[in-house]
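Here is what each chain is made of, one letter per residue.
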Amino acid sequence: MRAGGAGREVLVTLVVAALLIWLMPLVIGTYTLTVLVIYGMLGLSLGLIWGFGGILCFGQAAFFGLGAYTYAIAAINIGESTVPMILAVLVPALFAALLGAMMFYGRLTDVYLGVITLVVTLILFKFVNSTAGPQYKIGEARLGGFNGIPGFQTLNVPGDPDAYIWGDPYFYVCAVMLVIVFLLVTWLLRSSFGRIAVGIRENEVRMALMGYDVAARKTVLFAIGAAIAGLAGALFANWGEIVTPNLFSLGQSAEIIIWCIVGGLGTRLGPIVGAAGLAYLKFLLGQQSMIDNTLITGLILVLFVLFLPRGLVPAIAALLTSIFGRSRRKPSARRMRRLRHG
Amino acid sequence: MDLTFVILVEMLYAVASLVLISAGLAVVFGMMKVINLAHGEFMMMGGYATITAVNLGVNVFVAMLVIAPLVVGLIGLVVERLVIRHLYGRLVDTMLATWGLSLVFIGLATMIFGNTTTGISTPIPGFAVGGYQINGYNFFIIVVSILLVIGIYAVLRGTRAGLIARGTMQRADMAAALGYSPDRIYMATFFCGSALSGLAGAVLAPLVGLVPTSGGAYIAKAFITVIAGGPSLIAGLVSSATSFGVISQIFTFAISPVIGEVALLIAAVVLLRTMPQGITGRFFKGKL
Amino acid sequence: MAETVLETHGLTMRFGGVTASDNVDFKLAARELRCLIGPNGAGKSTFFKCVTGLLTPTEGHVFMRGQDVTGWQPHQIASLGVGIKTQTPNVMDALSVHENIWLAARRFFDPAEARARADTMIDRLALGSIARTALGQLAHGERQRVELGIVAVADPWLVLLDEPAAGMTAQDVDRMTAIIHDLTRSAAVVIVEHDMQFIRSIAEVVTVFHQGAVLMEDHVDRVMSDPHVRAVYLGKKA
Amino acid sequence: MSLNRRELLGGAAALTTASLLPNVTLAADAIKLGSILDTSGIFDAYGKPMDMATRLAVAEINEAGGLLGRPVEVVAYDTQSDMALYSQYGQQLTRQDRVDVVHGGILSASREAIRQTMRKSKTLYFYNVLYEGGVCDRNIFINGVTPAQQVEALVPYAMGKSGKKVYILAADYNYGQITARWIEKFVNDNGGEVVATDFFPLDVSDFGSTIAKVQTAAPDLVIAPLVGGAHLSFFRQWAAAGMKDRIALASTTLGVGNEHKVLTPEEGNGIMCAYNYSQELDTPENAAFKEKWAAMFNGDQSMHEIAVSQYHGLMTWAEGVRQAGSIERDAVIAALETGISITGPGGKVTVDPNTHHAVLDVHLMEMQDQQMRVVETLPQRQPIDTQAVCDLSANPDDNTQYEIEI
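Protein chains in written order, with our numbering: chain A, 3 to 344; chain B, 404 to 691; chain C, -2 to 235; chain D, 2 to 407.
The hints are all genuine.
Examples of chain B residues toward chain A, derived with CB under 7 Å: (1) W502; (2) I509; (3) V661; (4) L668; (5) V672; (6) R676.
Since the hints were made in silico from the structure, they are not lab data.
Ideal Cβ placement from N, Cα and C applies to all residues, glycine included.
Based on the provided sequences and hints, a complete structural model is requested.
Rendered as structure tokens:
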């Protein structure tokens, strides 16, 4: 039953994704869609480690920025995008592994963990921000401080630096990447590793007493989340064709957390929906000039927490269940999950 | 010699201003386990309240020390009743809600005050120490934060409200069991915390260029100071503000302000790594 | 003489000025069942925490099957094949009974084998009807039983239980006693317990703690009748 | 296939846009002007007046009968001080709104985020902000002052009023770094000496230690190209320490976002600076401009340096369109490259054909009671920094931002 369920879920995911990728460009410009997809991936990266691993990271933006900067710097030096893309995944993962090992073997938890990740993000932000001088150079790439790095080689067909992938094709590349990442996350959560991660989220001491090396497993999960964030960062760099220290900013980190909560923590879809939805909302808001946009964004957040605290996806799921009556499935693990987070 | 004195004053000032900007957050976090991400905006509003009062002809010290804390405390009270009280015990949700509130306040301040508000000058003149001019107002800030710490201590130690507060900090359910409504305790706490934030914003207003987005500059520092301090309110606040203030000033003078800030942040990482429960989680256990 | 599976030498734990565990020498043979008793604050739980790696002793050593495990992390000790149950129920509330026990089995077996063992264990504990229910929704006794399943599912050779019978109904206690006897066929078991009723029903050799040190160690009947023990411990009750 | 799709896309987006935009009228023959500015968030002090200037200029153009007999309509986006939104709206303007010209961008990072998009889509782009100089791209026109224009005028004046030892406190980003180098060059050229240069990231707001350091160095003059709200603290703390009457102070940035109105007279009086615009400029153009501004925005007085640059930019573009007799990009560029001039509230502004920068009047000012009192006007200063590296008539395909070696 388990294998069959998994197969069907993959199939459903693929069909829904294909439909969305086909239909969405009819409604929203692909350029905007691309960044929504990228933010979705970024949201998923935190949704994975926080929603399923219980690691509240205030600095997911650090890995996003690190991915983007790694890509930009490597692309300037190499002039072809394949290796920079790989580096943009590996460097944040490695950085997260070191940072994670430092934190988790030090038995830091909840709010203290939050502060460390926040502080590390601030350090990166301040460092990158103060690299305007000509002495800050990595190979050919000037770090550029506050103004960031423009003008690097953007994504090309692997092996052919002149065959750029941009515009509509770039949207399809990003969308397919997101689907792949989503399926990988699904697979990961179904695997023993994922189930153990959820166990750790629920009760670290118990899992340690069962003989699991909690610190090591959290470190690995943290690094996986960072790798996904790094990939999102590299895709973002390609999309914007410029990287700036803002990617590392506290505001960016906070936004990722907000995406997860608004979308629904503890679900895979929630953070993606939250990210894409809120980013699109921001995009729409910028087209009006009646009321201060900061004010509107703030109000929406407050109302959300007060009236829809579980997030969109669980709320919609609950609504659907109540409309269509009892689910035809027997009380399966899937339903359990909803109960738990709903 | 003169320079040594100047550096000493700057260090004291750095510690004092950290205490000042963190006190409001520390009270709210220590008592209610609520992280108020609108703390910086409460400070910003304290600044605007002061400027407005001064422009209306109120004495600047009255404006800073009385009006601003009252105004911001009342705003805090409204916020607590409308939003926070629905979210007790949900750390992350309160953070999200207060983040939203901070944006609302920025928006409101922009609509009301615009983004060019003439500030107020420091009411205390600078003076000379040997060959150096120093900011006389620094001493005022140092004095205010010392009084603030003594004041919090006196309230917690010497009053009935303080006793209840200490009980709540140890075990929130105990106070309820003793017949004190947690609702009212939380309301009072949030009022006090907001008032302290307002006070900090007011006192610092003559030293900074006040714009609606000013609050963002404080929240991270205050947050780090409070968490690094650990569970004990006063001992935690003072010890972490002292460590961070001194370290950042040493590096600021020796190298540059950026390195000073980075040194502060690195100190925070090292500190939390070696003392995962904050300074007072390890030392000063059970103290205030 | 059977092999010694657990041994401590001069185990001492101080918190500030308080010595919670004072120079404890302890020895446990394979498949032995041993109860640790003593009044509140006697140092049983501190001793337990030092042995399981939850605390690192200030002085002294812990050996398991001859290996020095002093200062090891709990997960390293558990990985040796030691089943541990802490004082308060320590389970994954949001996960189902099956998931909880499966996770414990998965540490030592591949997924399929783990599933099979979890199923068997659930049958043994008579938890079949609630196997898919989240633990957060279960009664205290059921949760205790699940935790026992978590401890037992991976075939441990040493089981350390801190107050397994606390807050249980008589029926639950009976079932628990049966399971523990079952365990002793393959494992040595250490039980920290308050409940004298339970101890009388299960124990043979009992170690009495007092003020952090071992006061006496003997058969349960002799311990119960010892005037010294009665003075420090049972005397309170009288 | 892909063309059809894009058409469809455009249609769908136009629908959404139309329903959301109260400020866009879809007159069929209107000339579309794209505006992209931070009118909320941390940079709104710069962006809001620029947005107002845009609307004022367009209203004036339309009152005079529009351009080529067609009305001009504004398609405006608020980037909310978020660099990512610049990229998004840049694409929106060029692909979906298909505007005829884009005016906007405030920070250099925001300009770089959209400059290539504009170039690729052949959309004429005006960047109307004081900046670090060096951009060389035929598709862009820039009429903010560059460091050399300001500093060349400011340094000798400020040194003349104080002395030869100069201490530089600069914002730590491109603009500050480059400006600091120009200051050093002109200090040396005028026989002075720079005793030290310190850089501050934009979020530094505590300058106590810096003020002590400056006193140790004992300069005659401090030049402070500091930027933004946090840096404003320096000027307050400087005054609070009683330094204001001891060491002279000059800046190349203070006042650009109306900072002189945030400082009290005691804090601001006597600070020297040099810009293209001051509200106190005594010219008929400025008087008329201020009057129209106040009339349109209910007595508002927030026009500042870069708002006026934005106004100049729009007027320059309009003049280019008139002379070209077309809104087609290449024709307008060709017309602008004839070196046309307009006279605006900041004085005469002339397009420099080789760099697409502006030749403009630089006014030396001193702050006095929250005003920028004009001391002296240096007419028609060339953008010599960018001219040193950029020659678009020789290399029309150039597309770089040069960092000028001094």
